[in-house]
Amino acid sequence: MAPPLSRRFLLQSAIVAAAVPGVSFGAGGGRAVAAAVPAPSTWSVRPFALKDVTLGPGLFADKRQLMLDHGRGYDVDRLLQVFRANAGLSTKGAVAPGGWEGLDGEANGNLRGHYTGHFLTMLAQAYAGTGDTAYADRIRSMVGALSEVREALRGDPKMLAVTGKWGGAHENVRGSYQYVDLPSAVLGGAAAITLSVWVRPAHDTNWQRVFDFGDNTTRYMYLATRNADGVPRFAVTTSGPGGEQGLNGTAALPLNEWSHVAVTLSGSMGTLYVNGTAVARNPSMTLNPSVLGTLANNWLGRSNFSGDPVYAGAFDEFNVWSRALTAAEITSLQSNEAKQSSAGVGDLASYAFAATDGGTFADASGRGLTATLRRTWGGPSHPGFLAAYPETQFIALESMTSGDYTKVWAPYYTAHKILKGLVDAYLATDDARALDLASGMCDWMYFRLSKLPDATLKRMWGIFSSGEFGGIVETIVDLYTITGEADHLALAKLFDLDRLIDACAANTDILDGLHANQHIPIFTGYVRLYDATGESRYLTAAKNFWDMVVPQRMYGIGGTSTAEFWKARGAISGTISDTNAETCCAYNMLKLSRMLFFHEQDPKYMDYYERALFNQVLGSKQDTADAEKPLVTYFIGLEPGHVRDYTPKQGTTCCEGTGMESATKYQDSVYFAKADGSTLYVNLYSATTLDWTAQGVTVTQTTDYPREQGSTITVEGGSGTFEMKLRVPSWATAGFRVTVNGSAVGGTPVAGSYFTISSRTWRDGDVVRVTIPFRLRVEKALDDPTLQTLFLGPVNLVGRNASTSYLSFGLYGNAGLSGDLLPSLTPVSGKPLHFTLDGTEFAPFHEGTEDPTHAYIRRSEPKVVLGGTDSGVANPAKSDGTTLLDEIWAGAPFADKDALVARVRVTVNSWVSAGLLDRADGQQVVTTAEDASYEA
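At position 842 of the sequence shown (counting the first as 1) the number is 833 in the working numbering, and the numbers step up by one without a gap.
To be clear, the hints were calculated from the coordinates, so they are not data collected in a lab.
Remember, predicted model here, so these are calculated numbers, not experimental data.
Keep in mind that the hints are not guaranteed to be accurate.
Claimed, not checked - The list that follows gives simulated cross-link-like pairs (lysine-lysine, PhoX-like), each with its CA atoms no further than 25 Å apart:
| hint | residue 1 | residue 2 |
| --- | --- | --- |
| 1 | Lys640 | Lys595 |
| 2 | Lys620 | Lys656 |
| 3 | Lys854 | Lys595 |
| 4 | Lys854 | Lys869 |
| 5 | Lys558 | Lys888 |
| 6 | Lys888 | Lys854 |
| 7 | Lys558 | Lys449 |
Unchecked claim - The following label-pair restraints were derived from C-beta to C-beta distances:
| hint | residue 1 | residue 2 | range |
| --- | --- | --- | --- |
| 8 | Thr367 | Gly159 | 19 to 27 Å |
| 9 | Pro444 | Gly284 | 40 to 48 Å |
| 10 | Ala481 | Ser527 | 16 to 24 Å |
| 11 | Thr684 | Gly135 | 26 to 34 Å |
| 12 | Gly221 | Ala287 | 24 to 32 Å |
Where is the CB? At the ideal position from N, CA and C, for every residue including glycine.
Use the sequences and the hints to build the structure in full.
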């Protein structure tokens, strides 16, 4: 049982409830006025809330709708199943989602509960982004259920009454870790005995104990529903498993059906009965309760072997007699309650499991041996505890020295997902219960962690997988800004991983060999700790860390990691595989990029945001509706011919969780405003409408970007005064143009910067037109210039081809004067952003299909071809792989043909002088350039 609620905890709960008056916890009507995390003074720009930015029709809206439909239709009782089971509550017949969110999933379901937190966040974002109260209603339903779970965990376990064989019965829900504790006198030291019970097993795990009487794993007597062969087994021993005297059944007990099992011992004869039939006899059983003596552990549903599962199913009528019942008496028990049978109730013990609202069971034998329902793990150490499994994982982590996710799998990571879901639920709906649950979780974590030595904490957080804690620091600091509780800020600092912080603050790259997603979200939390404490090392470390990933460990689509881990700085080509770019990594890198931009408006952060959002994040979501699965990749995979897996592992993975979140917040970084409201940043080009209440205007982007090469921005509804900063993508090296009401805006756009429309008083109907010409370009792997990936503007193009070897292509042959390589490709009619090259179709990475794809190609330019004319000269290369054509086209864009020819002549002369090109071949190249024709 948890310790009694402190006065502080009760007072805090009362304050929280009072702070949010008039909140309805039932089915929602109108949209709530959501709370918000206060923006810190350290943020020089501020984001807009999701509710303030509406998605318009287009690519993002289409992807989001698939996830909205999934969120609206999925049965949330399935998500709550593992929480209710842990608390010993009715699961309402729901089946857990499975995979990582169920007891039979990877690592025994040790991460269960995390997915429910993701789902809450997804619902909160869906509600904020659409205003549809169906999502708010689901949030309130889930928050109410989780409140019931915490309340149940705070007290001793209570009987879960179900319909039994003869009336009431008690059910042990799988995952409840509950058992019935019997008094030590229950066996009475009898030399002859009968034990009789009705059971309804709910799961087929072997070695679940119906009963186990013993001191340890040496001296005991048990009945298991299934042995290693899947049949019932009774055994008794005083010398451990090797000395067991046993009885084995002949057939498995059926699941979800009532079966009667009885054992009789008399003299040397032991008999096992199933449903009134003797299925096993052993005439050589010399052990009985009189030999065992008084035993310390007398349990229904629990084994003396700690590794055995707790019984899952129902009990009805457990009786113990101090004699061996006859076969006729056993038969009588099949059709009668014991008290109405020829055997009568057990004279040593008799439990009918009549319905009760408590956790004790009366003994009808006349001996007064009251039984008590207990948890194998006792109960929470603090009343704020909330999880879908016992507190044991948190306890075990404190003594671990190396990771083993089959025993402990990132409990504080899972706690983070639940905590964030609750905070987001509160912010979206103002449901005070969600805030109370979140605050309680932090109080519990502080209660646990504040007692541990600093060295223990550092060891814990440095353990791979088991010690992973995700973005918990960020969420705790967010909660602190709401509650103002000093303990919450102190809790956030207990997650300091000084070795990592100090190395990154000193700009020392120690990422090689680290688990990527275990570490990326840590830095978003550290930025928030900088916001709360002013300690500059947090922010410095985060900035330097970002630069260690981008571009040093980044694939073209914006993703990072191979098989979840980082390799050496700059290692790209040798890491290409089917396990590239875990989707969670992109999700968390976007969060970090956004957070860093709040502090320093370096365009590189939003350039990266566009890259990862428009490619990996969009491409990780399959373009298919599904009621059961969110259809999101785990590893997106970049090896040649890779087919994306949108139903990864066993399901309900971390990446499916973050994928649900990503798909309901596509608009979160389209616009930011300067802290004083004097500037609007347009970071992304996307069909959206911003309701900027502080300026009294709406700002609407009308565009089909990236299918359209530009955007039209209309200001309506007021006369706000502000400057507008439009991001010039780093790839937009030519042709970026801005007009206001048809007139060109002065200034020179610079790729990788922001173009400013000076402060003005905007009028209703003012129109800004942004033109952003796309061109086809390549990006080379950092460690192999011949391994390249294609981009058209922001869009990564992938070849669709079943080959599992790299495809080789040349692209310079028809390159235009601008340096655009697109003329070498042929557009596919009726399919925007689709092209063909040498028989292979290239399509946007963001399309969520199951086509085999090639994200990287092998660049091959064996001949010098200019303007479609083959010079007949081999394309020479320097020792670093740079070719003559590379050096020629590095001078693009060219104002006209003469400028290109001049570049060719200068480059040829340089290569001839360096002995890299024969003079006659050089002259042939120049002649070819002069004779050829070029697209602009």
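Open item on the list: Tell me if the beta carbons of Thr684 and Gly135 are separated by a distance inside 26 to 34 Å.
Closed with: holds, 32 Å
Task: Satisfaction of the hinted span 40 to 48 Å by the C-beta atoms belonging to Pro444 and Gly284 - done: holds, 43 Å
Open item on the list: Taking the Cβ atom of Ala481 and the Cβ atom of Ser527, is their distance within the range 16 to 24 Å?
Closed with: At 20 Å between Cβs, range holds.
- [ ] Starting from Lys620, check that the Cα of Lys656 is at most 25 Å away, please.
- [x] holds, 19 Å
Open item on the list: Check whether the Cα positions of Lys854 and Lys869 lie no farther apart than 25 Å.
Closed with: holds, 15 Å
TODO: Please work out if Lys854 and Lys595 have their alpha carbons no farther apart than 25 Å.
DONE: Between Lys854 and Lys595 the Cα gap is close to 36 Å, so the pair fails against 25 Å, i.e. violated.
Task: Hint consistency between Lys558 and Lys888 [alpha-carbon to alpha-carbon, up to 25 Å] - done: violated, 44 Å
Open item on the list: Check whether the Cα positions of Lys640 and Lys595 lie no farther apart than 25 Å.
Closed with: violated, 34 Å
Open item on the list: For the hint 24 to 32 Å, verify it against the beta carbon of Gly221 and that of Ala287.
Closed with: 30 Å Cβ-Cβ, so the 24 to 32 Å window holds.
Open item on the list: What's the verdict on Lys558 and Lys449, does the C-alpha distance respect the 25 Å limit or exceed it?
Closed with: Judged against 25 Å, a Cα distance of about 24 Å means the pair holds.
Task: Satisfaction of the hinted span 19 to 27 Å by the C-beta atoms belonging to Thr367 and Gly159 - done: Because 24 Å falls inside the window, the suggested range holds.
- [ ] Sort out whether Lys854 lies within 25 Å of Lys888, counting only the CA atoms.
- [x] Given that 25 Å is the threshold and the Cα spacing comes to 20 Å, the pair holds.
Comparing the model with each earlier hint shows violations of hints 1, 3 and 5; every other hint is respected.
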